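Colleague: These are the residues of each chain, in order.
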Amino acid sequence: MEFLDFGKHTAYVVGSFGLTLIVLVANVVAARARLSNRLKAARRRLASEDTP
Amino acid sequence: MWTWIHKLGSPPHFYRISARLTPWFSWAALLLIVAGAYGGLYVAPADYQQLDGFRIIYVHVPSASLSLFIYVNMALAAAVGLIWRIKLAHAVAAACAPIGASFTFLALATGSIWAKPMWGTWWVWDARLTSELVLLFLYFGYMALRAAIDDDTRADRASALLAIIGVINVPIIKYSVEWWNTLHQPATISKMGKPSMDFDMLVWLLVMLAGFMCFFAAILLTRVRAEVLLRSRGQKWLRNTVEGS
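Protein chains in written order, with my numbering: chain A, 1 to 52; chain B, 1001 to 1245.
Since the hints were made in silico from the structure, they are not lab data. Keep in mind the model is a prediction, meaning the values are calculated, not measured. Treat each hint with caution, since some may be false.
No more than 25 Å apart at the CA atoms, straight line, and that leaves these computed lysine-lysine pairs for BS3-like [what the hints assert, rightly or not]:
1) A:8 - B:1116
2) B:1087 - B:1236
3) A:40 - B:1087
4) B:1174 - B:1116
5) B:1236 - A:40
Turn these sequences into a full structure, and let the hints steer you where they fit.
Modeller: Here it is, written out as structure tokens:
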């Protein structure tokens, strides 16, 4: 784990970059889930409109 | 130009264009952020005073810049929606809020982590930090207001007013380090004529900033598409689009 060694500031630097990664991934997951849910809801609505 | 803008304001056209653009912004964001993080962590030289601790700048400054940039975008979109009654503009404003809130939280958290080894404390109630915290509450307020009103049109108008009034906080955050005595350091990259950083350090910050901008564009387009789907209930174009995707 030498590549994660930033001297006496290791915990702060790794903590900041780790938190950034979490926030970026959370943004991607939340946005994609929202779009996917809205698409499913729209499909369900259209299917129910087609049903006589 | 006006024809193009007018076309972009049409939900079906915007939906198609944004679906095509999102992968481009996503890949650009991934490449730039990976390159910027690698450069910031391993290529840029350590600071002579802050040593390796200064590397937090590569995530703190882009997230702080984005927190302001997104708010200005949100307020502009809200104003366009309010003045010209363009529903897509309100969809853009609504989509901006959660992304902006997440980057404001990130700016505050990484700033706090950076402050501990440099200032000896996680938090001080100085002008820059407090006004950035107010920005986070403005984002929360905007989202809460939207969620509290069931009628879309009323929610759009009320939240747009809040977004526009709140924009006064943006110059306060930006110039707080000049207007008041603060522990926070002055601007690093806004002085393009005379940046306070060495070029070997600055270049990776600019790469990271470009990566964050592309990331914002990709997430915004995805969220606006979700908003458009919700707001286009019962419209004909939706059937072709949804069944084709």
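Colleague: Going through the numbered hints above, which ones does this structure break? Give me the numbers in ascending order.
Modeller: none
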